[in-house]
Structure formats: C-alpha cells, structure tokens
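Since chain A is already given, all that's left is putting chain B on it; use the hints.
Given next are the chains, with one letter for each unit.
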Amino acid sequence: MIEQPFRLATGGLVDRAQAIDFVYNGTYYKGYQGDSLASALLANGERVLARSFKYHRPRGVFSAGPEEPSALLTVGWGTRREPNALATLQPLYDGLVASSQNCWPSPRFDLGAVNSWFAPLLSAGFYYKTFMWPGHSAWMRFEKIIRKAAGMGEASRAPDPDIYRKSHAFCDVLVVGAGPAGLMAAEAAADTGARVWLVDEQPRLGGQLNRETELIDGLDGHDWAARRVARLQKNDAVTVLANTTVFAAYDNMSFGLVERCGVLQHKPETRQRLWMLRASRVIYATGAIERPLLFADNDRPGVMQANAVRSYNNQYGVSCGHRTLLYTNNDSAYQTAVDLCSSGQAVVGVVDVRAQINPDLAQQMHELGVPVKLATAVQRAKGRQVVAGAELIALDGSGAAVSTVDCDCIAVSGGWSPNVQLHSMVAGMPGFDADLVAMLSRQLPAAYQSVGACSGSYCLQACLEQGALAGASAGDSLGFSGQAAAGFSGQPAAVPMAGKHTLSAVEAFWQPPSAKGKQFVDLQHDVCRSDIAQAHSEGFQSVEHLKRYTTLGMAGDQGRSSNLNALALMAEHRGVEISAVGSTSSRPPVSPVALGVFGGLERGQHFRPYRRSPMQAWHDARGAVLQEAGLWRRPQYYPIGGESLEEAYRREAAHVRQKVGIVDVSSLGKIQINGPDSAEFLHRVYVNNWLKLPVGKARYGVMLREDGMVLDDGTTSRWGEHDYLMTTTTANAGAVMLHLEHLLQVVWPDLRVRISSVTEQWAGMAVAGPNSRELLQACVTGLDLSNESFPFMAVAEAQIGEVPVRLLRISFSGELAYEVYAPANHGQSVWEAIMRAGEIHDIMPYGTEALGALRIEKGHVTGNELDGRTTLGDVGMAAMANQNKDFIGRMLMRREGLVATDRPVLSGFKSVDPSEPLQAGAILLRGAEAEVEAEKLGHISSVTFSPALGQHIALGFLQQARQRTGDRLYAVYPLRDHAVEVEVCEPCFLDPEGGRTRA
Amino acid sequence: MLKSYSALAAVPAVWTGAAVHLSELAGLSIWQLDAWQHSERQVCELLADITGLDVAVGASAVSADGVRVLWAGPARYWLVCSEGHAKAYALRAALDVTHGSMNDISDSRCVISLRGPAAEALLQGGVAVDLHPGSYAVQQVLLTALGQHTPITLQRVDHEIFELYVYRSYAQHTLEWLIASAEPFGVSWQTQGM
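Note that the protein sequences, when read in sequence, are chains A and B. Mapping of the first sequence onto our numbering: residues 1 to 999, in sequence order. Mapping of the second sequence onto our numbering: residues 1 to 194, in sequence order.
Please note that the accuracy of each hint is not assured.
To be verified - Using C-beta positions, here's what the derived DEER-type ranges look like:
1) A:745 with B:48: 22 to 28 Å
2) B:1 with A:588: 33 to 39 Å
3) A:994 with B:104: 33 to 39 Å
4) B:49 with A:992: 56 to 62 Å
5) B:49 with A:745: 24 to 30 Å
6) A:869 with B:64: 26 to 32 Å
7) A:788 with B:104: 28 to 34 Å
8) A:27 with B:137: 57 to 63 Å
9) A:447 with B:56: 33 to 39 Å
10) B:148 with A:588: 16 to 22 Å
Unchecked claim - Computed footprint of chain B on chain A; a stretch qualifies when at least three of its residues, placed anywhere within it, have a C-beta under 8 Å from a C-beta of chain B:
11) 594-607
12) 793-807
If you are wondering where the hints come from, they were derived from the structure by calculation, not from laboratory data. Ideal Cβ placement from N, Cα and C applies to all residues, glycine included.
Looking at chain A on its own, in the form it has when it is part of the complex:
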C-alpha cells in the first residue's frame, strides 16, 4: 500500500521529518507533525469518514476549520473517548486513535443507510406526524429505534477520568482570532503597553495566512504570522493561547473561553481549562467562513469548500482529489485554481454562475489552461459513495443540455459569511448586507470592535490596517500611551504591506436548478432544501419556527455554513427580502464545550467545602459516622462493634440520662456582639426582654423575621459590660448573621454595635448528664461549679489545663449540662482533657442522633420546627414576647392568619404501640386512610425512639392540640403507605419541671 497517496511531494507547513503514527478505524496510518486529523486522513486517501445524522449518507471532510459539519469522529478510547471531535481541528499526535461514528460496520458499508429508503417518512418534523400508529404508545416504541439510528457519537458511560481546570483571567484588550487582523490588533494594542490576550481556536496561529500564498512585507504570510506570534510571546504583558475557543460573550465584558490543553495526547494532565475572562476592550477578528452552493447530492465526500481545498494544498501539502472542479459565484474561488495548478494538480475547470467575471481572472485561468464556464451551475454531484463527476446546466436561459464533467472533487464557494456569533451575543441579531451578501453585525457597543473578514472586509491590506488601528485605539482609549512591558521593544510596528489584495465580487445565487437528489442545506442535521419548502408550506415561516421545525442550525456547528442559505430559501418562498426574514440569535456556546470543564476541580472531595470541627481528627479516629449539616459533617453516632445507628444512638442517649456524655457543638453559630448599645440591639432583635441581663448570665431568646415568622432561637450570654456572645442553630448561622448585619447597617446604623462571626474562634462541646458537674469540677480551675455558685443559665470564664475556656450552664438535652467553649486550636486537647477526667465517670461521646433524641424528649425545637412557617404561638412561646416594646416582627406577627386559633401548634405524640416507629413529615389524620378529602389536622416534624420512655415519640404540629391531649390519631405517610396510631400528649416528655436541668 502506498503511504499517504494524496500527500503532495512537496509543500505545506507540515514537518515531513517527523512522521506520526495514528490509528483510524483499527488501521494504522502515518501523517506528519503539523497535520490535522482531517488532513492526515485525506492524505491517506480516506474520503468516507462518517455517516450522516438522519439518513446515514456517506460524509467526508467538508472544511478545514471549526465550521466542519461532517467529519465528526470519536477520538480516544475507553473512558477517555471524545465523541464528535472535529477532525479539522484535532491536531495529529503520535498514538492518536480515531474511529468513525453513527455507522456499522464501517462508514463505507453502513447498515443504517437503510434509513435513506425511508427518507420520505423522515422529512422535517416527521416525529410530529409519523410513527404514531397503532395506538397512542406507538411513538414511545418507535422513538427508541429512531434515536438509536440517528445521532452523533456516543460518550463513555463511565465517570470521566480527565481533569478539568478553571481560572479567572483579566486583561485590557482581548483579541479574538489570530489571523492577519487579529495579529495586527494584538501587536498594536501591546505596543501601547496594554495587557493583551490573543486567542485562537486553531493549533497554529495565523488564520488564513497559513492557508494562503499571499506575501506580507515580502514574506510568506505564514512566516510573517509566525514572526508576529513570536514577538507577541516575548512580551510579558501578552498572553497568547492557541487551541482556545471564545465560546461566549457575556454582559460586562465577560467571556467564556475553553482551552483544549490536552488536545495533543490521550491522557493529558489537564484536558481542558475554562477561562472566565474579563476584558476592558475586545477586538473581534473572528474571520469568515465560506458558504456552500446548493445542488443535488452536494453532501458527497469530495464536495468541499474551495478555500478548504486550498488549505489542504497549501498548509498540509495534501491533494483533495486528482481532478478538481471549482464551482463558485465569486472571485475568491479562483485562487484555489491558481494554487492547485501551482502544485501541479489537475483543475478540470471553473463553473461560475455569473455571466461575467473580471477579465484579469479570465486571462489568468486561460494562462493556466483552466476552462471557465460562465452562467453555468452544477446541477448534481455524481457518484454513489464519493464524487465521481458533476452534472452542469447552463443558466443563460438557452435550455442548453446538461453536460457532465469527470472529477473527484468539487470545490465550492458560495461567498463568505462573517463569523458574527460573538458579536450578536452583545449587539443583538445581525443584519443582512446586500452588497456583501452576508449577515453583518454593525451595532457593537463602544468597547467592542470588529476587524477583518468578520466585519466584511476581505482585503488583506485592509485587514492589516484595520487591526493595527483597532489595537492602537483600544490601548489609547484605556489611557495607555506606548509604555511597553519590560523586555519588549515598545516600538509600534508599522502596518505591513500585503503583496496583493483579495477582492471578492459575489453574486447572490440561492435557487439552484432542481434535479433528482437531495440538496442539503444543513449537512450536520440533514436538513434539505425540500425541508425548507415543507416548513414554508406548513406555515413554519418565521425564522424561529423554521429553526425548530426543521432543526436547522441546531447541531454542533450551529449552522455556521447553512443559516444564510436557509434564510435565503425561505425569503424566496415568502417573496420577501432576506432582511425581512431576519435571523436567529446566537447564544453561548458558539461551539460545543465539554460539561466537565464547567465543573473543573469541583468534583469528588472538592465538590464543595467540607467544614471541619476542631475535634474532627478525634471523631475520625474514634470511627464516628458523620452526618452532613450544611457544609459541616458532624458525628452522628459512635458505633461500638457492629452497632447500627438505632442501637448506637439509643445507647448514647440513655448513657447521657444515666451518667455523662459529651457532644461536639462547634458548628453552632456564634456571634460576638460588642458595643455600648448591644443590650438595646438585642432588645430590638429578640422578642423578649434583654435590657437587664446581668454580666455572667445567659438567656434564651427567639428572633422573628420582619414578616412575624420565627427566624431562629438560641442563647445569648453577657461576658462584659458591652460584650455578648450569641449562639444560633448550625443551619441558621449565616442567615442570622446576615439578618443582624442588615439591621445594623441599614435599619439602625446609629447604634454603636458591631457584630462578628466567632463560630470558628471557639470549639464548642456540651457535657451533659447527672455526673457532668462532678466531672468538670475535676478538670476546671478557677470556677466553683456548685449549684449555688454557678446556677442554671450562669456563664463564666475558667481554665482547663491552663487553657482559658468559657463555661455556660445551659442545657439542650434537658440534663444537668454545661457548654464549654475553648479557643479552637485547643479544642481537641480540651476535649481530650475532659475525656480523661471523665474516665472514672464513664463518660461517653454522643452524636447528633442521640442529641436529637434527648432534645425531643425535652420538647426543644430545632430547624424541623422552626422551618420558616411557624410563629411564636405555633411553638408555644407566645407568652415570651414582651408586649411593651418593639421588636423585629412585632407588627406582622399579629396578622389575622398568624393569630388564628385553628393554627396547628407544637404538640407531642407517642406511638400507641410503643415499638412502632414514626415518620417525620407524616400527616395527622383521624383515620388511617390518606383520602383526599380527609381533614388534615397537622403533621409530624421530629421523631425518635426515647430510651427514657422506652418507646417511639415525636414532635409535631396539631390543630387544637391542648384540647386533644389524650386523643388518638393516625400519623399517615402516604408515600410509603405507612400509618401509625398515636396518642396526643404534651410536647415535653421528660422532666417538665426542669428539675434535672437545675439540679
């Protein structure tokens, strides 16, 4: 077998000294360093690379850039395979493995091609009309088959093993596109001293200069570009990124960029990086793409953009065919004939729809021996799998007979479409320019500029001049005056002279002659000219309807090469100008972006922060089972042996009631309140009285939202004349802090009070149980813990092992209990000291599950009860509110609905069968059946097994709860078909007089 039979003997920018081995569909091939996957496959004579989306028609390389609609391959293997990779953008590397997709067993012989036989059933919107019989469920069955037959590549179903990263970035001037205009813009902006980012999605910077043969300042264009890039890369103030797509332009000059940094290896350290870039100025130099012309079977492999054929010839040294026919409506395609002839390739002719062309072009073709047929169109491509010829028809009205040309490549140019997707994300929809026969965006905001081909300027000299002017003006507008970065010359580069100008006189040609065979408008989504006609005839004439009904432009290429042809066809059908048809808007992303890059490193252990208690290492070492509480993970229980959750928490809770236990409460919100007006502040925030709390005392408080609902509860202790410490629930710590900050900054800025979160400053631990006093007295110095000296709700500073600690005699468990707060760095050692001192008291750590059991036994409320929907009255604390003062929520808590006597209020519940567990969220009904019309009397909010009572108990809310004490109801949980008979009781199940707490 001849190696690379379509590789030209000389020419191209590839490094022929560096051969590269790669695998395509299980066969080894060779290419060269600098090849794209597409150029290497073409060099090896591979023409049929894929099958089309819907009809499974053979498809090959159409373009040489990011607009490629057909040559979509799967690159890589195993978990690292990437479907729908554009062969035209994928650089070749040693060991690359690529395979065709949407075909079986091969792209040349694909059983899925039977779809073509059913093409009449698969026209636009077929799924709204066909496969609906027999019966309503028919579509559900057919859909699976259709989905399997259609589509693109298939991603790995295994977790993505690649690493993606994200970064923020900032610059003064962002230049999108590193073609001639972009390079000049970047250089001119950098010369002013501005910080510049130059970004291009191709692996080799230079854009069209790498593809064309034009000279700039006497240098080959690609050589000139390489020197410019090298100069920019030496400038510390310039960031140059290849293989990077600006996929989004957001508000406030923010841009989304994806850098394909792993594009050159199978297992890269980083596959892709997301840049979130903010720029002060942006210059779009995004170029333009060549449109196809329509004719029958225009999707055959071998039908390509004229400039792509030129690119493969000039940049890669690859021939796209042995006999190339050019088909055009403008001048630029003639350059393809010139370049192909220069490299010794056969050009069988130029077919031009125009009746007249520039005489110089005609003369040039004559000298090259290339016949030119004017006023002629290609009617159909011949060949079953690849192009084998072209049928031509005269357009002069003479009715001339169809003639046939023998060719294996049809290079097509239907004019140029500026890449204005990014423009339109900030400037709205582009408008049709009849002179250029293209959509243009002319309403860019002041900080944005558009230069070069994307602004409709196709003259190389003009591109260079526009770029230089835009770059300089961008820098100047930001106040830079030529003070370049260190190590950079700082000398503004003169605008170079291009060797010649490329002007493109284009003639609109939208309605080709009809012929047997499909004329594809959108190659990637298999949308044909007949689909446009059908959409029109069925009333889908708006551009938005056209798009959705036919799926035109909705594929990965976003209709870059197809949209204008479709709009023109619809305009013809409607009998209006193209400008009247309008255009769809561009939205991010411009081209597909891997979802993984948006996650970046935020997966697995980095998915979100894991807040650790100062005693976390101790808990981990003791095998604590952790439970998420916001970002915290708190010990839920400490299993002994093979204990279950149930067994462990019952043991722990019982132990606290009988002896002593210790629980980590570091995650409770702690807010330091300082200032002469602190008491007044608390007085206004809490519903109860705070003006007379003495130093050394704590008080329980409840605060409301402005709407009268309970926001949070907790204790606040007074440690000095102007020094308070508020505790909040773990869940509401942030919300309470925000609430208080808002009040101080907006409502009462005159109060001399400052608050700060000290949750992290203090490690908190609650020591609870009958033996807690004796235990703590053994390790605390500087404080008499007797009931007389340190009664319930007393607070004081003391020491444990010389570490200054704060002790609060408060109880959440309903036991004799103390909360100990130690500076966080000493939290673990204080905890360990207490554990050591507690050994003789048989101290036991307990987790949140046991803590929950203890507080439910005592009837204390938490987030389950204070869920934002409850009032003071609902939780039985109405009497706590001081009616002789103002406090936040006072007015609105009196609203009619909030004081209604039939509101469910806090109540206790016991299972009638003590062994039957209850379910939080269960509805309270009179009967066991959850019928729709059943009267809902309330719900269960918290459940536990009470070791003290030896049965399952619950807290909940019940209408007329006090009158129903002793009644029997059902706690019904319809989702699990679960109903338990319960007895209504008081919410405090244990020690309602508080004797244990105050002992």
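Same frame as chain A, now just chain B:
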C-alpha cells in the same frame, strides 16, 4: 498548657515542584478592631499611636517589625502580630469603648502562605479579582472568595508572596484545593512557624 492543634495537621507534606511553596504561618495573633459609626478616625489614630505604623482610614495594609495592620472591611481592621505581643494588649487597654471594640480572633483563622512564581496564577484560578500587580499591589488586602464557596482574606505581601487568611473550619479543604490546583505548576507544602 494543653497542646494546640493546627487545622492543617492532617494534610501530608507534598513536593511536586517549587513553583508554589505552601506553608502555614502558625503562632500568629489576630485582633479585630471595630469602629463605631463616625469613630473610625480615632481608632486608626490609636492604632497608629500604639503600633507606630502609618494607619490611615481605609488604608489597605501597613506593617513593620512583625506587626501588621490590615484593612478587614468597612471600619474594621486587623492587628496581626506574634502571639502575646505587648502592642496588642496595649491597644486593648487603650481602646475607648466610645470609639470601638477589639476581639481576639486568632483561632478563627488559619494563615496559609503562598510563595513562588506561580502563586499568582494559582490563586487566580479561584479568585475572581484581578491579581495582576498593576491591579493588586504589594501590601493590598482583598476580602473575596476562593472558588465558589470559601470566604478568604488575602494579602499580597510581596510580588510573589501571598498570605491567605481562611476560616479555620475551611482550612483543610482550602489547602487541599490549593494543592490539587497547583499540580500543573509544581507545589510543595509543609507546616512551619512564622
């Protein structure tokens, strides 16, 4: 005295290169000074008197002889010094309650130092503020977030040296994030004193 535990003690040493060197600055005292409305100037004057530093209202940061004053929010300053520094206690004694308050928050933060040529790029990966020296000068303090969730206070101590004050409970996660993010550059991590 019982043992003090670092929040970063569980993170094993790492060496994959020297582009970023991470270390913990242990043994620091952080005192937070809050001024009431209209008394920020008096608090700054007191700070200047006690520390000998040129503390202006709203000044981002000033430091000398191991004592540092950082701007930590509106009418809020941090005095950062070695543990037990006499100036901290002098300041506390001198602060008039009619002007502001002062609290020890030393244990609430972990201070991670980032040194090296890639330190700025590493931080830029998670900080949505321009860290270019032209926008973020030496000494300047930022109150911002690292990644999407972690609130931090960041100071550029020198061109390639940053100090990151992170809430203690977030510290291990933050360090692990920094190490993972720094892999492409090459990173080292070890605990050390100030």
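Quick rundown of the hints versus the structure:
At roughly 26 Å, the beta-carbon separation of residue 745 of chain A and residue 48 of chain B lies within the given 22 to 28 Å, and the hint holds. At about 58 Å, the CB distance of residue 1 of chain B to residue 588 of chain A disagrees with the hint of 33 to 39 Å. Remark: the range hint 33 to 39 Å for residue 994 of chain A to residue 104 of chain B is upheld by a beta-carbon distance near 35 Å. Take residue 49 of chain B and residue 992 of chain A: their Cβ atoms lie about 58 Å apart, and the range 56 to 62 Å holds.
Evaluation of the 24 to 30 Å hint for residue 49 of chain B and residue 745 of chain A yields a pass: the beta carbon distance comes to about 28 Å. The hinted window of 26 to 32 Å between residue 869 of chain A and residue 64 of chain B is violated, with their beta carbons roughly 55 Å apart. Taking 28 to 34 Å as the suggested C-beta distance range, the pair residue 788 of chain A and residue 104 of chain B conforms, at roughly 31 Å. In this structure the hint that residue 27 of chain A and residue 137 of chain B lie 57 to 63 Å apart at CB holds, the actual value being about 59 Å.
Here the CB-CB span from residue 447 of chain A to residue 56 of chain B is close to 34 Å, well matched to the stated 33 to 39 Å. Roughly 19 Å separates the CB atoms of residue 148 of chain B and residue 588 of chain A, a value that falls within the hinted 16 to 22 Å. For the segment 594-607 of chain A, the stated coverage by chain B holds: 4 residues have a C-beta nearer than 8 Å to a C-beta of that chain, and at least 3 were required. Check on the segment 793-807 of chain A: 4 of its residues sit with their Cβ under 8 Å from a Cβ of chain B, so the three-residue criterion for coverage holds.
Hint check: violations occur at hints 2 and 6; the rest are consistent with the structure.
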